[in-house]
Each structure stands twice: as C-alpha cells, then as structure tokens.
Amino acid sequence: MQHLEIDNVCASYGKLEVLRDVTLSADKGEVVSLIGPSGSGKSTLLRVLIGLTPLTAGSIHVGGERVDYSNRKNLKKLRGHMAIVFQQYNLFQNMNVLRNVTIAPVKIKKQPRADAENKARELLEKVGMQEKAEAYPDELSGGQQQRVAIARALATNPEILLFDEVTSALDPERVKEVLDTIRSLTDEGITMMIVSHEMAFVREVSTRVAMMDEGRIIEVGPPAQIFEEPQQDRTRDFVSKILSH
Amino acid sequence: MDYTFQFAAVFEELPYLLGGAAITLQIAFVSFWGGAVIGLFGAIAKVYGGGFWRRLASGYVVAFTNTPALVQIFLLYYALPDAGILLEPLTAVLIGLVLNAGAYLTEILRAGVLSVRRSEIEAAQTLGMSGLQIVRYVMLPHIAKTIYAPLSNFFVWLVLGSSLAALFGVEELTGRAINISTVNLRSIETFTVVAMIYVVLTVIASSALALVGRLAFRVKAKVF
Chain A
1 MQHLEIDNVC ASYGKLEVLR DVTLSADKGE VVSLIGPSGS GKSTLLRVLI
51 GLTPLTAGSI HVGGERVDYS NRKNLKKLRG HMAIVFQQYN LFQNMNVLRN
101 VTIAPVKIKK QPRADAENKA RELLEKVGMQ EKAEAYPDEL SGGQQQRVAI
151 ARALATNPEI LLFDEVTSAL DPERVKEVLD TIRSLTDEGI TMMIVSHEMA
201 FVREVSTRVA MMDEGRIIEV GPPAQIFEEP QQDRTRDFVS KILSH
Chain B
1 MDYTFQFAAV FEELPYLLGG AAITLQIAFV SFWGGAVIGL FGAIAKVYGG
51 GFWRRLASGY VVAFTNTPAL VQIFLLYYAL PDAGILLEPL TAVLIGLVLN
101 AGAYLTEILR AGVLSVRRSE IEAAQTLGMS GLQIVRYVML PHIAKTIYAP
151 LSNFFVWLVL GSSLAALFGV EELTGRAINI STVNLRSIET FTVVAMIYVV
201 LTVIASSALA LVGRLAFRVK AKVF
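Residue numbers (the numbering used here), protein chains in the order written: chain A, 1 to 245; chain B, 1 to 224.
To be clear, the hints were calculated from the coordinates, so they are not data collected in a lab. Since this is a predicted model, take the numbers as computed values, not measurements. Using N, Cα and C, we set each Cβ at its ideal position, and we do this for glycine too. One or more hints might be untrue.
[Claimed, not checked] Label-pair distances were calculated between CB atoms; the ranges are:
id, chain 1, residue 1, chain 2, residue 2, range
1, B, 33, A, 241, 57 to 65 Å
2, A, 56, B, 58, 25 to 33 Å
3, B, 130, A, 244, 44 to 52 Å
4, B, 62, A, 14, 25 to 33 Å
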C-alpha cells in the first residue's frame with residue numbers, strides 16, 4: 001500500500017482544466033518531485049492534495065483511506081497529517097516567529113503552551129532560526145521567513161510535507177540556506193512532494209521525479225531516467241532547456 | 001442687554017450630570033460592540049459570502065445607512081408595539097443604535113477584511129484552523145490594524161450620537177441636561193457644561209482606544 005495515492009484526479013479553475021487525469025503515488029518516506037513548465041499544474045496538484053483547490057474527479061488516498069474533501073472533520077484530520085510550505089512563506093504577519101510556529105500545536109492540537117514552545121525552539125534550531133524567535137516576519141529576510149515557515153509546517157508533526165516552489169521568491173544567495181534545510185529533512189521518514197525549478201536539487205534529493213505538462217503527468221521515473229534518459233520528447237526538451245542555461 | 005452667567009446653579013448638579021455621562025458611555029459602548037459583532041460578520045459576508053449572504057448584508061447596509069438613526073429608533077419604538085412588542089425607551093434606543101452601528105461598521109470593517117492577505121488565510125486553513133479560529137487569530141488583528149482610525153472616529157460619533165436617546169426620555173447626559181435646564185432656567189450655562197463633559201468623554205474614549213490598539217495590535221497610533 002502506498003502512503004499517498006492520487007488516482008485520475010482532475011481539477012479546473014472555471015472552464016480552464018488545470019489537472020487532467022493525474023495519477024501518482026508516493027511510498028512512505030519517499031521524496032517525489034514535480035517538474036515542468038509554468039502553468040503545467042504542479043502547484044495546483046499540491047493545492048488539491050491539501051484541500052485548497054477542489055478536485056472535480058478522481059480520488060486521493062492517504063494511508064489507504066480515501067480523503068473526503070467535502071467533509072470538514074475529514075479535512076481537519078488530513079491537515080493534521082499533511083502540511084504545506086508556500087512560495088510566498090505566508091507567515092502570520094501579526095505574530096512573532098515563536099507564535100507562528102506554536103499556534104497550530106497550541107490552538108488546534110491543544111498541546112500545553114510550554115511543551116509547544118520547547119518543541120518550537122528545537123525546530124527553530126534545526127532550521128537555524130533560534131536567534132530570531134521573538135522577531136516579527138517583516139523584520140526577516142525572505143530566506144529566514146521561509147525557514148520559519150518550514151518550522152511552522154514541521155510543528156504539526158506531518159507525515160506528508162508539500163513544498164510549493166519554496167525558493168522561487170528568494171534571492172539566489174538565500175536559495176541555498178532553504179534547500180539545505182529541506183535536504184536535512186529528507187532522511188526523517190517524512191513523505192515529501194516537492195515542486196521546484198532547482199534541477200540540481202531535485203536530482204539530488206528525489207527518489208522519483210514526475211514531469212508535468214498541460215495538466216498531465218507525462219513521465220515518472222527515478223532522477224537518473226528523467227535527467228539522462230528521458231523516454232518522452234517533451235521531457236527531454238524541457239530538461240535540456242532548463243539545464244543548459 | 002446684560003446677562004450674568006451663573007454657573008453655580010449647574011455645578012450643584014454636577015454629580016447628577018456625571019451620572020448621565022456614565023449612561024451615555026454605556027449606550028455608546030453597547031452600541032459599538034454590538035455593532036462591531038454584526039459588522040464583522042456583515043463584512044465577511046460581503047467579501048467572502050455566497051450570493052444569499054452577500055445580498056442580505058448589502059440590503060441591510062443600504063437600509064440602515066440611508067435612513068436616519070432617529071427614524072430607525074422611532075420605528076422600533078412606535079411600530080413594534082403594534083406587533084405586540086413593547087420596548088422600554090432605553091432598549092429601543094440600544095437596539096436601534098446597535099443595528100445602525102452594525103450597518104456602518106460593516107462598511108468600515110469591509111476595508112479591514114479586504115486587507116487580510118488571502119495567503120495567510122490559506123496558511124491558516126492548511127494548519128487545520130476552523131473558520132472562527134481564522135477570524136480570531138488571523139483576520140481580526142489585520143482588520144483592527146487597518147481600520148483603527150475610522151473605528152475610533154466612529155466610537156466618538158456614537159458617544160455624541162447617543163444624545164438622541166434624550167428624545168425618548170432616556171436620562172443620559174443630554175436628557176439630564178434638559179431636566180436641569182427646565183428647572184434652573186440656566187440653559188446656556190447648563191449646555192456649556194454639558195458640552196465640556198462631552199469633550200472630556202470623547203478625549204478619554206479616543207485615548208483609551210489608541211492605547212488598546214498599541215498594546216493589543218501593534219498599531220502605531222498616537223496616544224494623546
């Protein structure tokens with residue numbers, strides 16, 4: 001049984017079909033990366049997984065159980081197992097770093113504040129932000145905010161972690177610190193789905209890579225296959241273009 | 001024509017007037033918070049609501065911002081008894097002002113709701129927050145920060161506007177002033193003193209609001 005199973009999922013924004021019959025799965029602890037041109041549906045797939053964008057057809061199973069996105073309880077349960085890190089960090093601007101990280105454990109998982117804060121400080125240390133626990137998001141650089149966002153996502157103890165172009169809004173100098181943080185998480189048994197344009201990183205950390213185009217997955221395989229011996233012309237074309245610049 | 005001001009006759013009644021001022025503040029306070037609750041949900045309905053809720057909120061705002069508060073209270077006070085609902089003057093005034101304030105605050109708060117970044121709401125959703133938790137922890141702080149100034153102004157307006165309760169025989173500050181002046185016949189002095197009391201009330205009210213904003217919402221408002 002796969003940890004995460006996506007079967008024939010479709011989604012659309014109004015009349016625009018953004019996902020067409022997407023089927024993909026991830027084993028427990030696997031790191032699956034999604035690559036492809038802008039508008040190919042990579043981010044939408046992550047949004048569908050965590051229930052921000054409705055699916056119009058198909059099904060999603062987590063741990064063998066089908067997720068009912070229209071059921072509030074079911075959705076809350078899902079979000080207790082799954083977390084997402086966004087391109088624009090999406091930190092709560094009115095809360096300091098520590099509160100950003102502790103709000104979900106304290107208010108949703110009802111952990112005692114002291115326990116949640118201890119755990120939060122550990123996580124902040126892991127992402128190298130322990131010095132900034134009292135700072136507000138607008139006092140931090142993009143890379144720092146993104147590392148806090150990763151700590152916030154980890155604070156809910158997710159089994160599945162989604163990364164949606166988490167380095168796309170960062171200065172080139174800041175990309176490395178965020179990628180290093182993600183890299184340090186890959187051996188913790190968390191199932192990950194990563195949307196990224198950082199091909200060297202994708203190639204290094206992924207167990208499998210899925211190439212998407214026009215809302216479809218056109219090829220899935222280990223990084224060596226996708227980057228060295230792609231089976232599809234579209235994959236070869238995309239990979240060669242993005243690697244040559 | 002000579003007129004000798006005689007404030008002594010008014011100062012004798014100062015405790016009575018200050019008692020009225022306390023009622024004035026209570027009316028303003030109840031109207032403000034009652035209106036704020038209605039306004040918050042009205043604003044969310046107007047920004048995020050579906051067809052029915054949005055139309056309901058819009059209809060309510062149109063009805064209550066395009067008629068005078070005084071007329072609304074008259075309707076509650078004189079029309080509802082026909083439907084078997086008899087209201088005390090103070091109750092009629094409070095209900096009228098809450099509904100009126102709710103309509104204005106819907107519009108004021110709407111600007112605040114629009115200032116909340118969609119991305120923060122999505123982050124809150126994915127962390128598993130319920131709708132009410134999102135309002136409480138994510139939306140309200142942004143709303144409060146954005147609309148602090150118009151909100152304070154509106155509270156001052158309510159302190160002053162509550163004087164229309166006097167027309168219904170409620171003995172708040174203005175009502176008591178009318179009572180005194182019909183006895184001591186010192187209208188100029190009485191209403192001068194009452195005007196001063198209103199100034200003191202509004203200054204205290206807006207400073208207190210600025211202080212709350214500073215402490216609670218990191219608003220860099222000037223505290224007097």
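Checked hints:
1. B:33 x A:241: 57 to 65 Å: 60 Å, holds
2. A:56 x B:58: 25 to 33 Å: 30 Å, holds
3. B:130 x A:244: 44 to 52 Å: Roughly 49 Å apart at Cβ, these two residues keep to the hinted range, so it holds.
4. B:62 x A:14: 25 to 33 Å: 30 Å, holds
The structure meets every hint from the earlier list without exception.
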